[in-house]
Amino acid sequence: MQLIETGACPVRKLGRIAAGLSMLSANLLGASAALAQDSGDDEPQVVVHDLMKEPAPGPNTYVYDSSILFYKESGSRVQAVEPVFNVQNYLTNGSIISGNFTFDTLTGATPNGATPSTSDQTFNSIVREKTTSTQVTSTGASGGGTVTTIPGTAYAKSSYSVPARTLPLASFHDHRFAGNGGLSWLANPDTRLNVGLGASVERDYTSFTANFGIARDLNQKNTTLSLSVNLEEDISRPYNGTPAPFQELNSQIGGGNDTKATYGVLAGVSQTLARFWITQVNFNLSGSKGYQADPYRIVSVVDPVSGAPLDYLFESRPRSRTRESVYWGNKLALGPTVADVSVRYYHDTWGINSLTAEVSEQIPLGGSLYIKPLYRYYHQTAANFFTYYLVNGNALPAYASSDSRLSRFNANTIGGKIGVRVFKTGEFYVEGESYRQTGAHTVANAPGQLSGLDLFSGVHAISVMTGLRLRM
Amino acid sequence: MVLTTRFKAMGSPCEVQVDCTDAALAARIGAAVEAEARRIESKFSRYLPESVVGQINALAGMGMTLDAETRLLMDYAAHCHAISDGLFDITSGILRRAWTFDGSDRVPDPAQVADILPLVGWGKVQWHDGVLTLLPGMELDFGGIAKEYAVDMGVARARAETDVPVLINFGGDLCVTGPRADGGRWRVLIEAVDDTSAAAWLEIDGGAITTSGDARRYVERAGRRYSHILDPRTGMSIADAPRAVTVAAPTCVEAGVLSTLAMLQGPGCEAFLEQEGVTAWVIR
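Taken in sequence, the protein lines are chains A and B.
Number 262 in the working numbering belongs to position 262 of the first sequence; there are no gaps in the numbering.
Count along the second sequence from 1, then add 1000; that gives the number in the working numbering.
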């Protein structure tokens, strides 16, 4: 039997590899020992990224995400095509510069607010004459009708008809360009600040936004507190001027542009509860003052006995609105899947209370593919001034609108996303959603013909989005 | 007097020898070292789907942020890959699929090796800022590091508990905290690599010893022995590698990488060890 003897570290000149290993090993064991003393045992061992969704990219990395959204409401209502381009630049010092550009094209028809009737209905209004006729036919409530100039004035008569027993729709066509930019930076290793500015421009609506936020990590990054303020200034420039509340449809509109200002504050806390569970609670409070009505939307005034439409008035909404919401979201890593479960409760001073519940789960299929089914439930109560119609002879209320978005309804969304890895650091994805509103189609004690007509104007929409995300 | 705790972990017989007469102390140190071994096994074994390595392999293709300890080991493996010019590679484990080491003369089909090679190579792994992304289908294997790391971490645990001399031996990868209580050397039996070679006694009073060898796992063809250790750059077996290399170094992790690299030199094993100034014993 052979006897081998060895002493502690024989003094010999080490080669390049052995010397390198000696240093590396000492570093590894020194650092491991320091970790063991920190006993930072609550750190999650593996946190999976939503393929590319939350990259913790290396120095000076760019992430580009371009997508196109197709949106279609059933019944030849709104159709939209929306290309979006996003870019984020992660700098070595932890700062993030981001930009986002959207260009929408919307076409189709939306309910003009009037009730259906057992007879054909004709909607006459007075519009401002524009330099070209295409602009006139594309205004909010004149598509598909006729426009006759009134000689010697800057006005024209617009008229369009809707067949009996049909929900009155007005066609429109619009473009929207939106862009925003943001900068986020570390004030110190635990505190991140961010500012953002944005603008959105349509032909009859312009919106400017600004926000400032601060987020602070506590408790070894297991807790994050965040606070942000948001400001928004909107300018509404209706094609025919801003109608006065309850002004008759068939009358000359005197009002010019109008504005709305919104101030919001959001406070949130996110907490790592376990290696597999992150939870977040947000509280949001915002107040808006200014013009909040739809300048193209009308309300039918109906006969108290027959239910037949007698007149059409522009809608009226309060000029102030305060909104509060509480959101509770959870991210759960269950084996290789990641589940998102959230609920949101919302209340505003218009009387709308809503509840949103959403569940989605990202499931990897092999190494480079994942699917993410989604279900969302939504319920809201009606605004206290929502009504399908006004009854002739009754005193006018202060406010009234027949906008289905202010009515009581439920909505169910079923969707899914599929993502596949491309070009080593990229992701190609396709996302689809079916959104269906359900609500009351009739009103109890509706006068005459209205008791037999479908008043519900909620939507069923399908959207498909496809995009490519690249990191380089 | 040496009091010994024995257990089985990481597929190997493990022992913790404590040079004292205090049975309670020896048991406490044995338990602490065993706990550390089990912690590391449950975290880095590729056989356990819930381990970090099991999750990394299951999620190949996706980006993932790793915890601090795993990041340290990943950096260590990355540096070992760099200084060995790609010879040490923790992504080479899946090459085993092409081989059957049963003592017969079946060598793998080159087409099969060619199919697997695109999934081998640390250079194909994205590893920066704590975020790891493997190519879909790739696998990591800390087999060449984890057991040695467990020995070194066990030594750190033992040193934190006591000044009494301790020897930790996990399946032939061993390390001592220093000379015996009487100033003498520890005497360890290194098992024979196969039926035809002799066992050896080894005496050590500091640092670590590891052995790489192919024992019964080899392919013999046309009179040449092909080792079970594969060159990650070509997928081919190393011809004319020694049957075993035992290396002494201050820590078990560096001894382990050195003995693996020495095996991978094939006929150049002895020259490599000489050039690197490493204390080692080679069995051919």
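These aren't lab readings, by the way, just hints derived from the structure by calculation.
Watch out, some of these pointers could steer you wrong.
So the derived list for chain A, only partly shown, Cβ under 7 Å to chain B, looks like this [as the list claims (entries may be wrong)]:
1. 30
2. 331
3. 333
4. 339
5. 422
6. 464
Label pairs and their computed distance ranges (CB to CB) [claimed, not checked]:
7. B:1028 - A:190: 37 to 45 Å
8. A:76 - B:1050: 50 to 58 Å
9. B:1118 - A:328: 28 to 36 Å
10. B:1180 - A:365: 18 to 26 Å
As the structure is a computational prediction, the values presented were derived from the model and not from experiment.
Note that CB positions come from ideal geometry on N, CA and C, so glycine has one too.
Hint check:
| no. | hint | in the structure |
| --- | --- | --- |
| 1 | 30 | 10 Å, violated |
| 2 | 331 | 14 Å, violated |
| 3 | 333 | 10 Å, violated |
| 4 | 339 | 16 Å, violated |
| 5 | 422 | 11 Å, violated |
| 6 | 464 | 24 Å, violated |
| 7 | B:1028 - A:190: 37 to 45 Å | 39 Å, holds |
| 8 | A:76 - B:1050: 50 to 58 Å | 53 Å, holds |
| 9 | B:1118 - A:328: 28 to 36 Å | 45 Å, violated |
| 10 | B:1180 - A:365: 18 to 26 Å | 57 Å, violated |
When each numbered hint is compared with the structure, violations occur for hints 1, 2, 3, 4, 5, 6, 9 and 10.
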